[in-house]
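Visitor: As a plain string of letters, each chain reads:
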Amino acid sequence: MTKQERDSRGEILARLASAFDAQTPCTDASVRRKEPSRDADRDALLNVLKGRLEENRTGFHLVSDRKALLEALANRVYFERAASVAVDAGGMAGEPWFLDGLRVLLPGVELVKAADVSPGELERCEVGVTAASSVLAATGAMALSASTAGGLAASLLPRIHYVVARQSDVVQGLATWTATASREKGLYHVHVSGPSRTADIEKKLVYGVHGPWKVSLFLLQSE
Amino acid sequence: MLAAVVAEKLRDERLQAALRKSLATVRERMAKARERFEDFAEARTCVATVRQGSVGRLRQNLEALEQSLQAGGTKVLWAADAQEARFRLAEIARAHKVLRCVASKTMVGEEVGAEKALRSAGVNVVQTDLGERIVQLAGQKPSHITAPCLHLDAQQCGSILERAAGMPRTADPEEMCRFVSRTLRDAFATSDMALSGANMAIAQTGELVIVENEGNGRSGYTLCPLHVVVTGIDKVVSSRREAAAVLGLLAPSATGQDVTVYTSFLAPEPLPGQTRYVILVDNGRSAVFASGPHRELLRCIRCGGCLNVCPVYERVSGHAYLWTYSGPIGAALAPFMPSGDAATAAPDLCTLCGACDDVCPAKIPLSRLIALGRSAANAARPVEERTHLARLARWFGRAMGSGGAYGLSHLGHRILARLRGRMARVESAVGWSGDRLAPRPARRLFRSMFRAGRRRGRLPL
Numbered sequence: 000m001t002k003q004e005r006d007s008r009g010e011i012l013a014r015l016a017s018a019f020d021a022q023t024p025c026t027d028a029s030v031r032r033k034e035p036s037r038d039a040d041r042d043a044l045l046n047v048l049k050g051r052l053e054e055n056r057t058g059f060h061l062v063s064d065r066k067a068l069l070e071a072l073a074n075r076v077y078f079e080r081a082a083s084v085a086v087d088a089g090g091m092a093g094e095p096w097f098l099d100g101l102r103v104l105l106p107g108v109e110l111v112k113a114a115d116v117s118p119g120e121l122e123r124c125e126v127g128v129t130a131a132s133s134v135l136a137a138t139g140a141m142a143l144s145a146s147t148a149g150g151l152a153a154s155l156l157p158r159i160h161y162v163v164a165r166q167s168d169v170v171q172g173l174a175t176w177t178a179t180a181s182r183e184k185g186l187y188h189v190h191v192s193g194p195s196r197t198a199d200i201e202k203k204l205v206y207g208v209h210g211p212w213k214v215s216l217f218l219l220q221s222e
Numbered sequence: 000m001l002a003a004v005v006a007e008k009l010r011d012e013r014l015q016a017a018l019r020k021s022l023a024t025v026r027e028r029m030a031k032a033r034e035r036f037e038d039f040a041e042a043r044t045c046v047a048t049v050r051q052g053s054v055g056r057l058r059q060n061l062e063a064l065e066q067s068l069q070a071g072g073t074k075v076l077w078a079a080d081a082q083e084a085r086f087r088l089a090e091i092a093r094a095h096k097v098l099r100c101v102a103s104k105t106m107v108g109e110e111v112g113a114e115k116a117l118r119s120a121g122v123n124v125v126q127t128d129l130g131e132r133i134v135q136l137a138g139q140k141p142s143h144i145t146a147p148c149l150h151l152d153a154q155q156c157g158s159i160l161e162r163a164a165g166m167p168r169t170a171d172p173e174e175m176c177r178f179v180s181r182t183l184r185d186a187f188a189t190s191d192m193a194l195s196g197a198n199m200a201i202a203q204t205g206e207l208v209i210v211e212n213e214g215n216g217r218s219g220y221t222l223c224p225l226h227v228v229v230t231g232i233d234k235v236v237s238s239r240r241e242a243a244a245v246l247g248l249l250a251p252s253a254t255g256q257d258v259t260v261y262t263s264f265l266a267p268e269p270l271p272g273q274t275r276y277v278i279l280v281d282n283g284r285s286a287v288f289a290s291g292p293h294r295e296l297l298r299c300i301r302c303g304g305c306l307n308v309c310p311v312y313e314r315v316s317g318h319a320y321l322w323t324y325s326g327p328i329g330a331a332l333a334p335f336m337p338s339g340d341a342a343t344a345a346p347d348l349c350t351l352c353g354a355c356d357d358v359c360p361a362k363i364p365l366s367r368l369i370a371l372g373r374s375a376a377n378a379a380r381p382v383e384e385r386t387h388l389a390r391l392a393r394w395f396g397r398a399m400g401s402g403g404a405y406g407l408s409h410l411g412h413r414i415l416a417r418l419r420g421r422m423a424r425v426e427s428a429v430g431w432s433g434d435r436l437a438p439r440p441a442r443r444l445f446r447s448m449f450r451a452g453r454r455r456g457r458l459p460l
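If you're matching them up, the sequences are chains G and F in order. Numbered according to numbering that gives the first Met the number 0, the first sequence spans residues 0 to 222. Numbered according to numbering that gives the first Met the number 0, the second sequence spans residues 0 to 460.
To be clear, the hints were calculated from the coordinates, so they are not data collected in a lab. All C-beta atoms in this analysis are idealised placements derived from N, C-alpha and C, irrespective of residue type, glycine included. Certain hints may be false.
Below, in silico cross-link-like pairs of lysine-lysine (PhoX-like), each with a Cα-Cα straight-line distance of 25 Å or less [unchecked claim]: (1) F:Lys74 / G:Lys184; (2) G:Lys203 / F:Lys74; (3) F:Lys140 / F:Lys74; (4) G:Lys213 / G:Lys203; (5) F:Lys31 / G:Lys49; (6) G:Lys203 / F:Lys31; (7) F:Lys20 / F:Lys115; (8) G:Lys203 / F:Lys140; (9) G:Lys203 / F:Lys20; (10) F:Lys31 / F:Lys20.
Chain G residues, not near chain F, derived (Cβ > 10 Å throughout) [said to hold, decoys possible]: (11) Arg41; (12) Ala43; (13) Ala67; (14) Glu70; (15) Phe78; (16) Arg80; (17) Gly90; (18) Gly93; (19) Val116; (20) Gly119; (21) Asp168; (22) Leu173; (23) Ser192; (24) Val208.
Anything over 10 Å on all C-beta distances counts as not near chain G; from chain F, calculated [unchecked claim]: (25) Gln66; (26) Arg162; (27) Leu371; (28) Leu391; (29) Ile414; (30) Phe445; (31) Arg454.
Whenever a hint applies, use it, and build me the whole structure from the sequences.
Guide: See the structure below:
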């Protein structure tokens with residue numbers, strides 16, 4: 000048997016089995032941050048989140064209802080002079096009122112459903128809109144989910160990324176997310192905590208490397 | 000060899016300035032991130048316990064991971080050593096007729112020589128992390144686990160990009176970043192393969208966890224039809240909950256961020272139309288697992304925090320360690336993994352000050368393990384060298400143990416100390432640092448002061 004044909008799996012596992020004590024008990028330990036307690040009310044959670052988003056250079060828009068959300072989004076798209084917008088039709092962004100509403104408010108703007116095109120085509124979109132299944136107050140990370148390359152690319156290739164979520168989706172932190180996040184087959188989760196960045200050269204922060212250079216969260220209060 | 004490399008690094012003033020500046024910034028950020036924890040010490044204990052559990056169940060976790068990945072359609076390959084990992088990579092590239100590959104930062108890939116293997120299979124490999132791209136264009140190796148071009152200042156980075164990639168001359172990091180990301184967009188769109196590492200692999204769910212700030216890892220696994228993940232067998236954790244505990248300290252310890260910009264949990268099911276391979280690399284890890292106290296090294300989460308606080312690393316940089324992993328973790332691992340000359344050299348790059356012990360998020364007793372590693376490294380030295388060292392140690396022991404010899408050496412030291420400038424040359428000649436003066440010896444020896452004190456009845460003994 001040549002070196003490459005050998006049973007490396009068997010060799011490795013056998014070496015691990017022959018070592019001592021492979022039965023260390025599992026632990027429930029979790030890392031505790033100075034994060035809002037489980038009993039914290041929604042406003043307290045929101046205040047913590049606002050602070051984190053600001054630190055993470057993420058814009059924040061608190062909107063009262065669906066109409067206000069759509070108007071706020073449309074205003075931002077017009078402000079950025081975007082000609083085409085990629086929308087990942089997952090979660091809230093996939094609900095009929097959302098897409099229909101955007102179409103009405105953005106008559107001259109091309110709305111591209113991310114799942115319907117190849118991911119490379121999304122590069123021409125100036126803005127990407129995706130929904131977050133959860134927003135983590137302790138770190139300001141927004142948990143996105145998608146099961147297609149297009150869905151993932153909508154939050155990556157456009158230079159501006161808008162995230163929509165409901166206030167009821169705001170959770171304490173990562174530990175809460177892991178306990179509640181979907182385990183649906185084929186679903187990819189990506190936590191986004193701000194614009195793409197690097198500090199590789201002399202530790203100087205530069206924003207907008209391979210991902211969006213501008214990120215904003217639109218939080219819907221009423222639902 | 001090590002002495003020559005270290006001397007060269009110490010003479011390089013630009014390197015010294017670049018390291019001082021960058022490491023001071025990252026240490027400041029790490030300190031701020033620590034303040035965010037209710038009790039940072041408790042958080043470290045949690046992560047250490049979680050990692051200890053993961054390592055203890057390594058075999059069971061690996062079997063469960065393989066099952067979860069395969070059930071989702073990911074192909075799993077095992078590599079006992081670097082050579083086999085290279086063979087597997089080349090085999091995959093040939094089977095899928097790969098011509099271009101975008102690589103995102105992977106230390107295990109660096110360790111096994113992934114780029115070289117792919118090139119030998121006719122693949123054009125483009126590094127896509129900004130720092131990695133710069134060191135690739137310079138024909139160098141990364142010098143830090145999380146900051147590959149830490150050893151270069153902005154002007155040097157600019158010169159490399161100007162010379163090797165045709166960028167207009169600049170020393171502005173922002174302009175360099177724009178240039179590199181613009182030129183790499185095409186690479187992502189046209190590559191047949193993405194190569195990446197994984198920060199963790201979750202046994203229960205089969206998810207691969209990748210953390211990054213730039214989005215190059217995401218671009219690779221999203222846009223390329225073939226995704227190959229090269230990761231160490233030590234990166235497996237049992238559950239999402241364990242992964243969350245590790246993630247809680249990974250970014251604060253690495254870059255001083257609360258959390259990285261992107262944390263991806265890749266399902267075991269490849270994206271529609273995509274093929275994914277995971278190569279699980281041993282390359283000495285199972286030997287570390289079986290080596291008693293050194294098993295604690297497998298708790299490492301590769302944050303690079305120990306490098307950021309190490310006073311030796313700050314002077315000599317990562318390349319002086321002579322292998323992939325540098326700093327305290329590199330010095331501790333080298334004697335137990337295939338690391339070439341570093342196996343005996345790297346453990347010497349430590350003052351045993353313990354700064355790394357205080358920051359390691361997995362509470363690995365690095366300085367103790369480096370000291371133990373030195374013993375192992377000594378055993379591997381040639382007999383003549385060991386005999387010479389033993390002779391020196393015996394001579395030193397005799398001199399310290401005898402009042403007369405010690406008194407004579409003290410006198411000699413005092414005379415040399417008066418010849419100020421020459422002292423450094425003498426120290427250099429006997430293998431001491433040579434770039435600073437040792438403190439001048441006290442006028443009187445402690446033992447003579449002690450004796451005098453006893454004679455005057457001031458001491459109880």
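Visitor: Could you run down the list of hints and mark each one as holding or not?
Guide: Right, here's what the structure says about each hint:
no.: 1; hint: F:Lys74 / G:Lys184; verdict: 17 Å, holds
no.: 2; hint: G:Lys203 / F:Lys74; verdict: 39 Å, violated
no.: 3; hint: F:Lys140 / F:Lys74; verdict: 29 Å, violated
no.: 4; hint: G:Lys213 / G:Lys203; verdict: 18 Å, holds
no.: 5; hint: F:Lys31 / G:Lys49; verdict: 19 Å, holds
no.: 6; hint: G:Lys203 / F:Lys31; verdict: 17 Å, holds
no.: 7; hint: F:Lys20 / F:Lys115; verdict: 32 Å, violated
no.: 8; hint: G:Lys203 / F:Lys140; verdict: 21 Å, holds
no.: 9; hint: G:Lys203 / F:Lys20; verdict: 11 Å, holds
no.: 10; hint: F:Lys31 / F:Lys20; verdict: 17 Å, holds
no.: 11; hint: Arg41; verdict: 22 Å, holds
no.: 12; hint: Ala43; verdict: 16 Å, holds
no.: 13; hint: Ala67; verdict: 28 Å, holds
no.: 14; hint: Glu70; verdict: 29 Å, holds
no.: 15; hint: Phe78; verdict: 23 Å, holds
no.: 16; hint: Arg80; verdict: 20 Å, holds
no.: 17; hint: Gly90; verdict: 16 Å, holds
no.: 18; hint: Gly93; verdict: 17 Å, holds
no.: 19; hint: Val116; verdict: 13 Å, holds
no.: 20; hint: Gly119; verdict: 5 Å, violated
no.: 21; hint: Asp168; verdict: 17 Å, holds
no.: 22; hint: Leu173; verdict: 4 Å, violated
no.: 23; hint: Ser192; verdict: 5 Å, violated
no.: 24; hint: Val208; verdict: 4 Å, violated
no.: 25; hint: Gln66; verdict: 12 Å, holds
no.: 26; hint: Arg162; verdict: 16 Å, holds
no.: 27; hint: Leu371; verdict: 17 Å, holds
no.: 28; hint: Leu391; verdict: 37 Å, holds
no.: 29; hint: Ile414; verdict: 46 Å, holds
no.: 30; hint: Phe445; verdict: 45 Å, holds
no.: 31; hint: Arg454; verdict: 57 Å, holds
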